[in-house]
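Chains as they are written, first to last, in the working numbering: chain A, -5 to 331; chain B, 135 to 520.
Because the hints were derived from the structure by calculation, they are not lab data.
These numbers were taken from a predicted model, which means no experiment stands behind them.
Idealized CB from N, CA, C, for every residue including glycine.
Fair warning: there could be bad hints in the mix.
Unchecked claim - Far from chain B by the CB rule (all over 10 angstroms, computed), these chain A residues: (1) I85; (2) G98; (3) L165; (4) L273; (5) L306.
Stated by the list, open to error - Stretches of chain B that chain A covers, calculated by requiring three or more beta carbons in the stretch to come under 8 angstroms of a beta carbon on chain A: (6) 326 to 339; (7) 436 to 448; (8) 465 to 478.
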Amino acid sequence: MPILPGLTYTLSSLAYAAAIGLLSMGLTLTYLTTKIPNFAHATIGMIGSVVMLILIDRIFYDSNSWLIFLLGPIAGGAAAAAFGVLMYRAILKPLADRGNSVIGLMIATLAVDIILLNILTLILNLMPGEHIPKLIGANVVGFQPKIRVAGIVVDSYTIVLPITALVLTTLFHLFLTRTSFGVAMRATIENPDLASAMGVNVSLVYTVSWALSGFLAGAAGALMAFAFKGVDPAVSALVIVTVFAGSIVGGLTSVYWGLIGGIVVGLAEKLGTTIINNLYRTLLVPGLGLPNISLVNYEKVMSLGLVIMVLLYAPQGLAGVDWGRILRKIKSVKGGR
Amino acid sequence: MVNWWIFSDSFLITVLAYIVVSISLNLEAGFTGVPNFGKHLFVFLGAFAAQGIGVRIAAWLYQALSPEAARQALAEAGRLVPGAHWASIVEAAADTGANRIIVNNYLRPFVTENLVVEVALLAIVLGVTILLAMVFGLLASYAALRLREEYLAILLLSFSELMVMVIFYQTESLNGGNKGLWAITFTKNPIRFALAGSAVLAALAFLYAERLANSPMGRAMRAVRDDEIAASVFGRDIASIRLKAIIAASVLAALAGFFYTQNNASATAITFNRVVWTFLPWAMIILGGMANNMGAVVGTIVFLIGKRLFEYYQEPIGELLHIQAELVGSMLPNILIGVLILVILYVRPQGIIPEHISKTVEFNKLAGEVLGEESAEKDAKHPQET
């Protein structure tokens, strides 16, 4: 058994990591602005998957059109952004204004999670499919354009998802640095009172942050529809664990580190677990007589392990690590030689 | 017109189990400010002690005390191979293929016929339940005890979700995985035993929680909840207070899970999911009133009766709304419970019974005692003046 995973698996791991990165980025954004850890974030991402599934069923059923990778994320992201705004304006803001504590707001996001999850499941159950007979649990892997990398046919979403993540992050960065509203958002994250005194509409900034966070989640979710063996909103119950892991590894203090944390956790979960599993099964099982079980099923242990390590040894996450010092140390070691 | 048969033994046991879980959650979330979003793991640990672990211990005892009968049990389960030793029945008892026959036909009669064995096994299983709850309580929270409550919430949710949905659900050799296992039950009438046990447990849990809430420890817990910094300035160790609350609450929840499993006689990890054993208890304490033990009890009873009535009338309600009942399943109730939580948080965040200030010694009495002592001292110092 080879230790390193094959090309298709590596590509799908990269795509997964990019999707988790986008989700962790959005989660960190709303946490930074409104100080609410959103337990419904993964399910908001599932809105994108559901929209993508419906789009395929109604429009893109004859497959092989690259347009799906443009329209799907935009439509899914827009729907999720709309839900994010609704969730913040209609539920969380009124609750916060009524004086609910962080615990109250967290349980409110859990309540929203359950409501949304069941509504999405109901929609997929009740909506009659036009070209896909049963929408709930439908496998849409076959509906994507074919593409060859190094002579092997690979799932095209695995190429598109990392590119989408790159594009969305660049756009987001330009928005934060080149537009006055983006600057206002950064100011609000730094100091909401001062920003408000300087004439920034803080409430609007918060609402926009929920919209952006929802869009990132929905776009990632739309493309991830191709990754599931069957589209079922219930997977969000475990995805949220990975998304939070990414945000915590990133440090919950910077949106970009949230993205990096998500990518790190996603890669650790997929590639890391597979490599460990291959090592275990080629070396330890015959060598020490350990039980011949597949460790791949336990990939979530990886993300929880990372979270615990980060919380214990670097609660500020990757963002809090003094990278300059580490670089200097490496340089000095090299210089010494 | 209510059909009272819906309020059956098993409903009563469910109510009592939820009362204990709500009281324990209230100790964490209401009094100490620990948002435990992973309650389902701790309830499942009690079930695991009765199935995965209890069955193995019972099988080991069976093999040790009556090896001949154990051979027969293995033979009936189709697991008798040449050279079978004690490990094979322990293994077979917790194996999904042989578990039903060995537990139902051999281990349960063996346990209930011999009082000494029964009491000893019950003591061991309860001990295991308590130990498991303490260890997992520590593991699930340790890394975030010193951090803000959001981190605690995330860690507890992630840890419990991972343990229940990944480890216990996927590892068939541990507890039957997604097929579940028949559990070891006690006394000839396990339902009666579950009812009595959970009633006693609920009463003890309530008394314990009331005593704790009105003790100096209870006031320290509230201080940690309201202002961590102030509490630590006054010399309170936040991490240790939180850990104590989590461990006490986890033990209570696991015991509740143990008695609940006695009624069902079997358990599967997937049935102890986040909605059923974390979200519902949260809904109950929010409905009843956080940081108030009576509120937790009242909230649980009101909630479960309401839920039961809704389930009973679900079909007519479904017809009224023109939705097929079998598709709606548990989805409509779950949506309604979510909406209920949001409405309570908005309309009456303090719940049915609001938090009241903790009972302390009456001021006059306290003042009287202190002044009395002082005046007595004065009298002792200057006897000649009077």
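Structure-based check of all given hints:
Non-interface status of A/I85 relative to chain B is broken: a Cβ of that chain comes within 10 angstroms, the nearest being about 6 angstroms off. Not every C-beta of chain B lies more than 10 angstroms from that of A/G98, the closest at about 6 angstroms, which undercuts listing it as non-interface. The beta carbon of A/L165 sits about 28 angstroms from the closest Cβ of chain B, which is more than 10 angstroms, so the claim that it is off the interface holds. No beta-carbon of chain B is positioned within 10 angstroms of the beta-carbon of A/L273; the least distance is around 20 angstroms.
Distance to chain B contradicts A/L306 as a non-interface residue, since its nearest Cβ pair spans about 5 angstroms, not more than 10 angstroms. Note: the region 326 to 339 of chain B has 0 residues with beta-carbon separation from chain A under 8 angstroms; the three-residue rule is not met and the coverage is violated. Residues of the region 436 to 448 of chain B lying with their CB closer than 8 angstroms to a CB of chain A number 0, which falls below the three-residue condition for coverage. Check on the region 465 to 478 of chain B: 9 of its residues sit with their Cβ under 8 angstroms from a Cβ of chain A, so the three-residue criterion for coverage holds.
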